[in-house]
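2 protein chains.
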Amino acid sequence: MEEKEISQAVISRLPRYLRYLTELKDEGVERISSQELSKRMQVTASQIRQDLNHFGGFGQQGYGYNVESLVTEIAKILGLDQEHYIVIIGAGNLGQALLNYANFSRRGFIFKGIFDSNPALHGMKIGEIEVRPMEELKSFIKKNNIDIAVLTIPKTSAVEVTRQLVDCSIKAIWNFAHVDLDVPDEVQVENVHLSDSLMKLSYNICRNKKAEKDS
Amino acid sequence: MEEKEISQAVISRLPRYLRYLTELKDEGVERISSQELSKRMQVTASQIRQDLNHFGGFGQQGYGYNVESLVTEIAKILGLDQEHYIVIIGAGNLGQALLNYANFSRRGFIFKGIFDSNPALHGMKIGEIEVRPMEELKSFIKKNNIDIAVLTIPKTSAVEVTRQLVDCSIKAIWNFAHVDLDVPDEVQVENVHLSDSLMKLSYNICRNKKAEKDS
Numbered sequence: 001m002e003e004k005e006i007s008q009a010v011i012s013r014l015p016r017y018l019r020y021l022t023e024l025k026d027e028g029v030e031r032i033s034s035q036e037l038s039k040r041m042q043v044t045a046s047q048i049r050q051d052l053n054h055f056g057g058f059g060q061q062g063y064g065y066n067v068e069s070l071v072t073e074i075a076k077i078l079g080l081d082q083e084h085y086i087v088i089i090g091a092g093n094l095g096q097a098l099l100n101y102a103n104f105s106r107r108g109f110i111f112k113g114i115f116d117s118n119p120a121l122h123g124m125k126i127g128e129i130e131v132r133p134m135e136e137l138k139s140f141i142k143k144n145n146i147d148i149a150v151l152t153i154p155k156t157s158a159v160e161v162t163r164q165l166v167d168c169s170i171k172a173i174w175n176f177a178h179v180d181l182d183v184p185d186e187v188q189v190e191n192v193h194l195s196d197s198l199m200k201l202s203y204n205i206c207r208n209k210k211a212e213k214d215s
Numbered sequence: 001m002e003e004k005e006i007s008q009a010v011i012s013r014l015p016r017y018l019r020y021l022t023e024l025k026d027e028g029v030e031r032i033s034s035q036e037l038s039k040r041m042q043v044t045a046s047q048i049r050q051d052l053n054h055f056g057g058f059g060q061q062g063y064g065y066n067v068e069s070l071v072t073e074i075a076k077i078l079g080l081d082q083e084h085y086i087v088i089i090g091a092g093n094l095g096q097a098l099l100n101y102a103n104f105s106r107r108g109f110i111f112k113g114i115f116d117s118n119p120a121l122h123g124m125k126i127g128e129i130e131v132r133p134m135e136e137l138k139s140f141i142k143k144n145n146i147d148i149a150v151l152t153i154p155k156t157s158a159v160e161v162t163r164q165l166v167d168c169s170i171k172a173i174w175n176f177a178h179v180d181l182d183v184p185d186e187v188q189v190e191n192v193h194l195s196d197s198l199m200k201l202s203y204n205i206c207r208n209k210k211a212e213k214d215s
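Heads up: the sequence lines are chains A and B, in that order.
Heads up: the first sequence is residues 1 to 215, going by my numbering.
Heads up: the second sequence is residues 1 to 215, going by my numbering.
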């Protein structure tokens, strides 16, 4: 299949398509039209056709999309047909929550290790996985072919840890620390700044209150 | 100050401005030009001027922005000059992580209660706050002027709980459940779909690998 350069906006929408289509597949639905999918997802049918056309257009006029093959194709595009090995840095509540989240492993994201600078936690088991000291991080990443490092540590230590991760050629960082990381272009970063999303809520609540008062 | 309708894209960028400007303030910096801020934030100076002009343009030619007053203004626009009362539904690791995150309360987000359907957790204390049964949710929300409900429960229960929240006129839902919620327009929803962000990373890792192979 010939692949064009796909915008990050389209890529951002693919996981949502995958979620709906996987649900349909689990319900036993074999095919769906862009109109029906549009109703379920509250997106226009033309947006759906445009988005899915980027990948060669799996839909057929008068037939619709084959749900199972679309699930397979989107998963492949997202790189979910291969396994990704992950370490978590920071064994606090958030690190533990991510480690215990079973849905990630169902999609091929395999947690291999968790690290913390607090000696009191070393050796503690979270599920099947033992908390290790930071000194072992670099050798562990190399030995276990780790692709992705998750940062669930305070921003004060995130910068130094990021330097170590770049040193051992990590491919991607999933960053929950409240700071923007400075990394070379070849390292992928995806930020989850939780406060930012809470502040957006706060803005929209206040705007709503204001609108009610003005009306 | 006359306020125009501000796009959600601009609003999404405000928390990041607030983060950088608060750091500058903490460092004792009193004023900053859009050029200097641009260098720090890796955004163009013209983007900064455009964004901040939405709020009446606090900058002065040849002087730059007054850091402290900009922090105050942005916080006010985001509704952070008032307190927001929050409940968490789901006392698992993620719920506990959010409850324990001190930075939220610094910004006026006050956690008032945490609820879970599992009787084994009822009465357990997380920090100062006791886990309550779901049966108390509605009366608690009304009695404590709760603005925001956080959903850290599986998607299977999220739909039913959302119905209850809408019934007692919740203003906003911060949704970590892996499902899109169906709510009336006046209820604000902010989704944090963690798998989606992990899948974006996976896509970008695979694209990078492919580019390396092709080159």
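Just to be clear, a hint being listed does not mean it is correct.
Identical copies look the same in the list; a pair holds intra-copy or inter-copy alike.
Unchecked claim - Calculated cross-link-like contacts (lysine-lysine; reagent style DSBU-like; alpha-carbon spacing at most 35 Å):
id, residue 1, residue 2
1, Lys76, Lys171
2, Lys39, Lys143
3, Lys39, Lys125
4, Lys171, Lys143
5, Lys143, Lys125
6, Lys213, Lys125
7, Lys213, Lys142
8, Lys112, Lys39
9, Lys210, Lys143
10, Lys143, Lys25
11, Lys213, Lys39
12, Lys25, Lys142
13, Lys155, Lys209
14, Lys125, Lys155
15, Lys210, Lys25
16, Lys171, Lys155
17, Lys209, Lys138
18, Lys171, Lys213
19, Lys210, Lys142
20, Lys142, Lys171
21, Lys76, Lys125
22, Lys143, Lys209
Rather than coming from a laboratory, the hints here were simulated on the basis of the structure.
**Prompt:** Among all the numbered hints in the text so far, which are the ones the structure does not match?
**Reply:** 2, 3, 6, 8, 10, 12
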